[in-house]
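The listed protein sequences derive, respectively, from chains A, B, C and D. Counted the way UniProt numbering counts, the first sequence spans residues 1 to 154. Counted the way UniProt numbering counts, the second sequence spans residues 1 to 154. Counted the way UniProt numbering counts, the third sequence spans residues 1 to 77. Counted the way UniProt numbering counts, the fourth sequence spans residues 1 to 77.
Since the hints were made in silico from the structure, they are not lab data. Wrong hints could be hidden among the right ones.
To be verified - Output of the computed footprint for chain B on chain D, the stretches with three or more beta carbons under 8 Å from beta carbons of chain B:
1) 7-14
2) 63-76
Said to hold, decoys possible - Calculated cross-link-like contacts (lysine-lysine; reagent style DSSO-like; alpha-carbon spacing at most 30 Å):
3) A:69 with B:42
4) B:41 with B:67
5) B:57 with A:18
6) B:18 with B:83
7) B:42 with A:41
8) A:18 with B:123
9) A:123 with C:64
10) A:83 with A:42
11) A:7 with C:3
12) D:26 with B:7
13) C:43 with A:57
14) D:64 with D:26
For every residue, glycine included, the Cβ atom is placed at its ideal position computed from N, Cα and C.
Residue strings, one per chain:
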Amino acid sequence: MNFEISKEPINTQAVIDKVVQREAGAITTFIGTVRELTHGKKTLFLVYEAYEPMAVKKLEQIGNEIKDKWAGAEVAITHRVGKLDITDIAVVIAVSTPHRNDAYEANRYAIERIKEIVPIWKKEHWEDGEEWIGNQLETVAYPSGKPEESDLNE
Amino acid sequence: MNFEISKEPINTQAVIDKVVQREAGAITTFIGTVRELTHGKKTLFLVYEAYEPMAVKKLEQIGNEIKDKWAGAEVAITHRVGKLDITDIAVVIAVSTPHRNDAYEANRYAIERIKEIVPIWKKEHWEDGEEWIGNQLETVAYPSGKPEESDLNE
Amino acid sequence: MNKIMLFAHLRDEAGAEYIELQAEGKTVADVKELIAEKYNLTKLDSTMSAINEEFAEDDEVIQKGDIIAFIPPVSGG
Amino acid sequence: MNKIMLFAHLRDEAGAEYIELQAEGKTVADVKELIAEKYNLTKLDSTMSAINEEFAEDDEVIQKGDIIAFIPPVSGG
């Protein structure tokens with residue numbers, strides 16, 4: 001199972017091991033961790049919630065998109081749910097490819113897509129309150145307030 | 001010691017652990033592995049050799065360059081030397097930054113710089129021979145046959 | 001009956017993880033409007049929808065047994 | 001005396017990891033030429049040089065005790 005939602009802490013090495021292949025010269029990993037400060041505001045902890053069966057399907061879809069775009073790629077993604085403290089790991093993405101440029105690009109594609117189409121939400125808890133965080137994409141704007149059809153099923 | 005040359009197999013997690021920080025939202029790793037096929041030719045194993053004290057200095061230099069270019073970045077790099085079999089890890093680069101785009105870019109910068117200025121060499125062993133491999137940069141050409149001064153000391 | 005899954009702020013507002021409802025023959029938009037009113041749900045204009053774990057348009061018609069989900073802007077990763 | 005470090009194919013060709021040589025006052029280029037001839041070293045035109053673990057130009061003059069290294073195109077990573 002290369003695509004998982006996990007209630008337990010993520011073992012990074014276990015995710016990496018899923019993409020090891022004799023044809024690969026490069027493995028990239030992205031590890032998303034809980035950051036203490038965002039725009040100067042201090043986070044105490046986060047809670048992640050997922051629509052689990054759909055989230056797994058969407059992670060699989062991202063994996064298939066990557067295999068279509070980058071020949072010879074292997075992909076594994078695990079996303080955590082539940083309460084996470086500062087420096088805890090929220091997501092691990094591992095991608096292996098024959099050549100290194102592809103491994104970087106495919107990995108970056110994976111995290112952008114996760115932030116577009118995978119039904120997972122985080123609630124930030126600060127000293128003075130809490131809030132479900134909406135779309136936080138740093139690179140894509142949705143003028144209509146939601147992803148377009150082309151974004152969802154690309 | 002965030003910058004090391006290792007005669008023993010590299011523990012990826014140990015390299016990642018060196019860059020964990022409360023200010024980081026993203027950790028990227030690059031794991032360079034020994035690929036079986038290059039241009040259709042079958043590699044049996046590799047031997048890496050390093051000018052160790054200078055290699056460590058140059059890895060440190062790359063770390064400092066990254067900290068100058070990407071605010072808040074932490075970097076750790078370990079490169080293996082000796083005999084490596086297919087799928088063995090030659091190098092692990094871990095970079096943590098507050099924001100994910102920086103973590104990808106800084107990591108990619110590190111591997112490109114390693115291929116430019118760090119005195120490490122690999123000898124490929126095939127069924128029908130062996131050879132020390134020269135500059136294999138995929139992205140930079142040196143018309144003069146060697147890096148320019150600006151490449152070395154940037 | 002159809003199961004209507006709620007997440008994030010919608011779950012908090014409704015005080016329930018899901019609602020059971022006879023939605024057969026209705027569109028996604030119909031159901032959205034219906035439960036928005038009943039549970040005082042907010043920000044539904046930026047909420048996506050899914051039928052049986054696939055994103056669905058507002059005008060899609062719900063079949064017997066379909067599982068609907070209302071999906072606020074996601075924030076994983 | 002100065003220590004001249006050799007790597008990769010240069011080490012194989014010379015059959016030695018380093019050579020000891022009186023190089024004080026000579027330039028890097030002088031030393032390169034000198035050992036190339038003596039040990040039949042090849043591809044020295046694409047070989048970089050270092051003095052005391054820092055890259056050095058061909059015209060740099062070697063001081064007493066300096067450690068020289070001849071560095072073929074690197075292939076780490």
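Structure-based check of each hint:
A count of 5 residues in the stretch 7-14 of chain D with a Cβ less than 8 Å from any Cβ of chain B is obtained; the coverage claim is therefore met, three being the minimum. Note: the stretch 63-76 of chain D has 7 residues with beta-carbon separation from chain B under 8 Å; the three-residue rule is met and the coverage holds. Under the criterion of a C-alpha separation no larger than 30 Å, the hint pairing residue 69 of chain A with residue 42 of chain B is consistent with the structure, at around 25 Å. For the hint linking residue 41 of chain B to residue 67 of chain B, the alpha-carbon distance of about 39 Å lies beyond 30 Å, and the restraint is violated.
For the proposed pair residue 57 of chain B and residue 18 of chain A, the alpha carbon gap of about 34 Å is over 30 Å, so the pair is violated. Using a Cα cut-off of 30 Å, the hinted pair residue 18 of chain B and residue 83 of chain B holds, with the two alpha carbons roughly 26 Å apart. Proximity of residue 42 of chain B to residue 41 of chain A is assessed by CA-CA distance (about 54 Å); at most 30 Å being required, the pair is judged violated. At roughly 28 Å between alpha-carbon atoms, residue 18 of chain A and residue 123 of chain B fall within 30 Å of each other, so this suggested pair holds.
Note on residue 123 of chain A and residue 64 of chain C: the hinted pairing is violated, with a Cα-Cα distance of about 33 Å set against a maximum of 30 Å. Distance restraint check for residue 83 of chain A and residue 42 of chain A: the Cα-Cα separation of roughly 16 Å lies within the 30 Å cut-off, and the hinted pair is therefore satisfied. For the given pair, residue 7 of chain A sits about 24 Å from residue 3 of chain C by alpha-carbon distance, which is consistent with the 30 Å threshold. The hinted pair formed by residue 26 of chain D and residue 7 of chain B fails the criterion: a straight-line CA distance of about 35 Å is larger than 30 Å.
Of the pairs offered as hints, the one joining residue 43 of chain C and residue 57 of chain A holds, with about 25 Å between alpha carbons and a cut-off of 30 Å not exceeded. Distance check on the hinted pair: residue 64 of chain D and residue 26 of chain D sit about 10 Å apart at the alpha-carbon level, within 30 Å; holds.
Hints 4, 5, 7, 9 and 12, counting from the list given before, are not met by this structure.
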